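J.: Sequence:
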Amino acid sequence: MVVFCPLIGELVVVTFCLLWTIFLYVLVLMGLGFPNERSVVMKSRRFVAAISAVVAGFSSVVAGPVAVAQEKNVVMFGDSVLANPTFLWAEIFQGPGKATKNAPGDWRCPRGESRIAASLQRLIGGKVEDFACTGAVAYAPIDANKSLKKQVDTALNQNQLSPATTNVLIQIGVNDTWKAPGLYHIQSQRFVDEMRVQVGRIKAAAPNARVSFVSYPAMVGPHGETCPFHINNAPAPVIPVGAVRSALNAAHDWQRQSAAATGSDWINIEPETKGHDMCAPQNQRWVAGILDNSTEPYNITTHLTHRGNDEVARILSRHL
Numbered sequence: 001m002v003v004f005c006p007l008i009g010e011l012v013v014v015t016f017c018l019l020w021t022i023f024l025y026v027l028v029l030m031g032l033g034f035p036n037e038r039s040v041v042m043k044s045r046r047f048v049a050a051i052s053a054v055v056a057g058f059s060s061v062v063a064g065p066v067a068v069a070q071e072k073n074v075v076m077f078g079d080s081v082l083a084n085p086t087f088l089w090a091e092i093f094q095g096p097g098k099a100t101k102n103a104p105g106d107w108r109c110p111r112g113e114s115r116i117a118a119s120l121q122r123l124i125g126g127k128v129e130d131f132a133c134t135g136a137v138a139y140a141p142i143d144a145n146k147s148l149k150k151q152v153d154t155a156l157n158q159n160q161l162s163p164a165t166t167n168v169l170i171q172i173g174v175n176d177t178w179k180a181p182g183l184y185h186i187q188s189q190r191f192v193d194e195m196r197v198q199v200g201r202i203k204a205a206a207p208n209a210r211v212s213f214v215s216y217p218a219m220v221g222p223h224g225e226t227c228p229f230h231i232n233n234a235p236a237p238v239i240p241v242g243a244v245r246s247a248l249n250a251a252h253d254w255q256r257q258s259a260a261a262t263g264s265d266w267i268n269i270e271p272e273t274k275g276h277d278m279c280a281p282q283n284q285r286w287v288a289g290i291l292d293n294s295t296e297p298y299n300i301t302t303h304l305t306h307r308g309n310d311e312v313a314r315i316l317s318r319h320l
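So in the UniProt record's numbering, spot 261 of the sequence shown is number 261, and the numbers just go up one at a time.
Because the hints were derived from the structure by calculation, they are not lab data.
Note that the structure is a prediction, hence the values are computed from the model and not measured.
Accuracy of the hints is not assured; some may be wrong.
[Unchecked claim] Pairwise CB distance ranges (calculated):
no.	residue 1	residue 2	range
1	D193	D143	18 to 26 Å
2	G125	Y184	36 to 44 Å
3	R201	H319	18 to 26 Å
4	L88	R256	32 to 40 Å
5	W107	D193	26 to 34 Å
Using N, Cα and C, we set each Cβ at its ideal position, and we do this for glycine too.
Start from the sequences, fold in the hints, and give me the full structure.
T.: Here is the structure:
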């Protein structure tokens, strides 16, 4: 028997349609015939049984399986933009109570209580482990203890990369531009080669994780415009620093290449943070200057403010 039921979103129409379908199926299940006392009793029983069967069938169709969202289990690697430890200079210049304390060490590099990972964990309600280090590099030979390899070593030793890991975020590269100077194509190749190795280790330990390289937020203007002096809310002079813009562009290029080479993603958060750089108006500024007692509280000069950490975490949460 074919039953035509209009696909209309109104609740009353849908309910009527289901009831009408049940009624037609019941008639078929009961069969036709002239009633007598016995047949009335028998058909009454059949009616009840038929109604129960049909309703049960519809209940299973309507209810269906209930999907349970997997809790996020995120691991983050990177440099000072993620680590955001408190620097004494920032505390002195802002005045007491502005910079946060550092988080518990956990045998990792110093990390501020205010940092992207902490904000992200509050937002998603899952687990976020970060191994970022100030001054960290992808491949530069300077200070091997702050290399991405060392961060991955620590994560593996602490059993924080596993089949339960859902996302791995990597934000690194800008320090390699000046700690490992050289011809651009050689820098690019060395960066990508090292990312193949480290992403391979990550995926081997966390085979179910989505690995994403993450760009830096909008720290300076599109042509390297910086505003390092925010003193007593006085107008800040704009100072172009092309080298900073070039370093960010290089890091983003290497991240894109590495994502393609390793089958990973590249999350470009710079457009989503545009207008919140070091030269933005005070109420829109997410990046502190160098001599700065006017921007919202921060832990490190030329890095994200506490609000900036929250806002970048909110952006990242949409990409998980």
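J.: Hint by hint, say whether it matches the structure.
T.: Hints, verified against the model:
1. D193 to D143: 18 to 26 Å: 19 Å, holds
2. G125 to Y184: 36 to 44 Å: 42 Å, holds
3. R201 to H319: 18 to 26 Å: 23 Å, holds
4. L88 to R256: 32 to 40 Å: For R256 against L88, whose Cβ atoms are near 36 Å apart, the range 32 to 40 Å holds.
5. W107 to D193: 26 to 34 Å: The hint (26 to 34 Å, Cβ to Cβ) holds, given that W107 and D193 are roughly 28 Å apart.
Hint compliance for this structure: no hint is broken.
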